[in-house]
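Enquirer: Listed below are the residues making up each chain.
2 protein chains.
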Amino acid sequence: MKAYVYVSPKKSVLDPQGQTIQRALKKLGYQGFDEVRQGKYFELTLNSGVTRTQAEADVERIANNVLSNPVIEEFRFTLEE
Amino acid sequence: MKAYVYVSPKKSVLDPQGQTIQRALKKLGYQGFDEVRQGKYFELTLNSGVTRTQAEADVERIANNVLSNPVIEEFRFTLEE
Numbered sequence: 511m512k513a514y515v516y517v518s519p520k521k522s523v524l525d526p527q528g529q530t531i532q533r534a535l536k537k538l539g540y541q542g543f544d545e546v547r548q549g550k551y552f553e554l555t556l557n558s559g560v561t562r563t564q565a566e567a568d569v570e571r572i573a574n575n576v577l578s579n580p581v582i583e584e585f586r587f588t589l590e591e
Numbered sequence: 511m512k513a514y515v516y517v518s519p520k521k522s523v524l525d526p527q528g529q530t531i532q533r534a535l536k537k538l539g540y541q542g543f544d545e546v547r548q549g550k551y552f553e554l555t556l557n558s559g560v561t562r563t564q565a566e567a568d569v570e571r572i573a574n575n576v577l578s579n580p581v582i583e584e585f586r587f588t589l590e591e
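The listed protein sequences derive, respectively, from chains A and B.
Take the first sequence: its letter number 33 is residue 543 in my numbering, and every next letter is one higher.
Take the second sequence: its letter number 75 is residue 585 in my numbering, and every next letter is one higher.
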């Protein structure tokens, strides 16, 4: 099973990396981009001994405690067989 | 329109960040995770003047030239209205 975790800065938090990319795009001639936000992306490979329910609980806990900072970031995840 | 770009290290490229996370998870008692790979995630907001065809071409070019290093990384993207 694979778990995909996406961590991004909360809407209320400034994202200077994203702003820099957005300005760079403008300078390069791409006018159509109003906003860019950068986040992190994790691909976790689970071994076959883990049930889906267990995987969901584990990945949720890991995303919250290890992979993201809940003060300034939010996350979502998907599981795939 | 929104574009979501996912950049991850190529399968053939070592991912020391991911390996460190995997070892940390093991130490924390999560035994079920065989591999962790870390990548980047971008959320681009396009203004309404851009057509879908134009957006696809622009985002593909940006993902390849600006957001990723094609020597060691691969990317995929999705567009959403």
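None of these hints come from the bench; they were simulated from the model.
A quick note: this is a predicted structure, and the numbers were derived from the prediction, not measured.
Where hints are given, some of them may not hold.
Residues on chain A that point at chain B, a partial pick, calculated with CB under 8 Å [said to hold, decoys possible]: (1) Lys521; (2) Ser522; (3) Pro526; (4) Thr530; (5) Asp544; (6) Val546; (7) Lys550; (8) Asn579; (9) Ile582; (10) Glu584.
Within a straight-line C-alpha distance of at most 30 Å, the following computed DSSO-like cross-link-like pairs (lysine-lysine) qualify [claimed, not checked]: (11) Lys550/A to Lys550/B; (12) Lys512/A to Lys536/A; (13) Lys536/A to Lys550/A; (14) Lys550/B to Lys537/A; (15) Lys536/B to Lys536/A; (16) Lys512/A to Lys537/B; (17) Lys520/A to Lys520/B; (18) Lys536/A to Lys520/B; (19) Lys512/A to Lys521/B; (20) Lys521/A to Lys512/B; (21) Lys537/B to Lys536/A; (22) Lys512/A to Lys550/B; (23) Lys537/B to Lys537/A; (24) Lys537/B to Lys550/A; (25) Lys512/B to Lys512/A.
What follows is a list of derived Cβ distance ranges for each label pair [as the list claims (entries may be wrong)]: (26) Lys536/A to Gly539/B: 19 to 27 Å; (27) Thr561/A to Asn575/B: 39 to 47 Å; (28) Thr555/B to Asn575/A: 26 to 34 Å; (29) Val523/B to Leu538/A: 22 to 30 Å; (30) Pro526/A to Arg571/B: 33 to 41 Å; (31) Asp544/A to Lys521/B: 17 to 25 Å; (32) Ile582/B to Arg586/A: 24 to 32 Å.
Even for Gly, the Cβ is constructed at its ideal location relative to N, Cα and C.
Enquirer: Hint by hint, say whether it matches the structure.
Expert: Hints and how they fare:
A cut of 8 Å between beta carbons decides the hint on Lys521/A: the least distance to chain B is about 11 Å, and the hint is violated. Hint status for Ser522/A: violated, given a least beta-carbon distance of 15 Å to chain B, over 8 Å. Annotation: interface hint on Pro526/A violated; nearest CB of chain B at approximately 14 Å, more than 8 Å. Interface restraint check for Thr530/A: the shortest CB-CB distance to chain B comes to about 11 Å, outside 8 Å, so the restraint is violated.
For the restraint placing Asp544/A at the interface with chain B, the shortest Cβ-Cβ distance is roughly 5 Å, inside the 8 Å limit, so the hint holds. With a least beta-carbon distance of about 5 Å to chain B, the hint placing Val546/A at the interface is held under the 8 Å criterion. For Lys550/A, the suggested interface contact is upheld, since its CB lies about 6 Å from the closest CB of chain B, less than 8 Å. Hint status for Asn579/A relative to chain B: violated, with the closest Cβ pair at about 14 Å, above 8 Å.
A distance limit of 8 Å between C-beta atoms decides the matter here; for Ile582/A the minimum to chain B is near 15 Å, and the interface restraint is violated. Interface hint status for Glu584/A: violated, as the beta-carbon distance to the closest one in chain B is roughly 12 Å, over 8 Å. Of the pairs offered as hints, the one joining Lys550/A and Lys550/B holds, with about 5 Å between alpha carbons and a cut-off of 30 Å not exceeded. Our distance criterion of 30 Å between C-alpha atoms is broken by Lys512/A and Lys536/A, whose separation comes to about 36 Å.
Distance check on the hinted pair: Lys536/A and Lys550/A sit about 23 Å apart at the alpha-carbon level, within 30 Å; holds. The suggested pairing of Lys550/B with Lys537/A holds, with an alpha-carbon distance near 22 Å, which does not exceed 30 Å. Between Lys536/B and Lys536/A the CA atoms are separated by roughly 44 Å; this puts the pair beyond 30 Å, and the hint is violated. With a C-alpha separation of about 20 Å, the suggested pair Lys512/A and Lys537/B falls inside the 30 Å cut-off, and the hint holds.
For a cut-off of 30 Å, the pair hint linking Lys520/A to Lys520/B stands: about 28 Å separates their Cα positions. The suggested pairing of Lys536/A with Lys520/B holds, with an alpha-carbon distance near 28 Å, which does not exceed 30 Å. Restraint check: the Cα-Cα separation between Lys512/A and Lys521/B comes to about 15 Å, which is no more than 30 Å; the hinted pair holds. The straight-line distance between the Cα atoms of Lys521/A and Lys512/B is roughly 15 Å, inside the 30 Å bound, and the hint therefore holds.
For the given pair, Lys537/B sits about 45 Å from Lys536/A by alpha-carbon distance, which is inconsistent with the 30 Å threshold. Note on Lys512/A and Lys550/B: the hinted pairing holds, with a Cα-Cα distance of about 17 Å set against a maximum of 30 Å. For the hint linking Lys537/B to Lys537/A, the alpha-carbon distance of about 46 Å lies beyond 30 Å, and the restraint is violated. Annotation: proposed proximity of Lys537/B to Lys550/A holds, straight-line Cα distance about 22 Å (limit 30 Å).
For the given pair, Lys512/B sits about 25 Å from Lys512/A by alpha-carbon distance, which is consistent with the 30 Å threshold. The hint said 19 to 27 Å for the Cβ distance between Lys536/A and Gly539/B, and at roughly 47 Å that hint is violated. Remark: the range hint 39 to 47 Å for Thr561/A to Asn575/B is upheld by a beta-carbon distance near 43 Å. A hinted range of 26 to 34 Å for the beta carbons of Thr555/B and Asn575/A is consistent with their spacing of about 30 Å.
Taken as a hint, the range 22 to 30 Å holds for the pair Val523/B and Leu538/A, whose Cβ atoms sit roughly 26 Å apart. Range check, Pro526/A to Arg571/B: Cβ separation about 24 Å, and the 33 to 41 Å hint is violated. In this structure the supplied range 17 to 25 Å is violated for Asp544/A paired with Lys521/B, their Cβ-Cβ distance being about 34 Å. Hint check: Ile582/B to Arg586/A, Cβ distance near 26 Å, so the stated range 24 to 32 Å holds.
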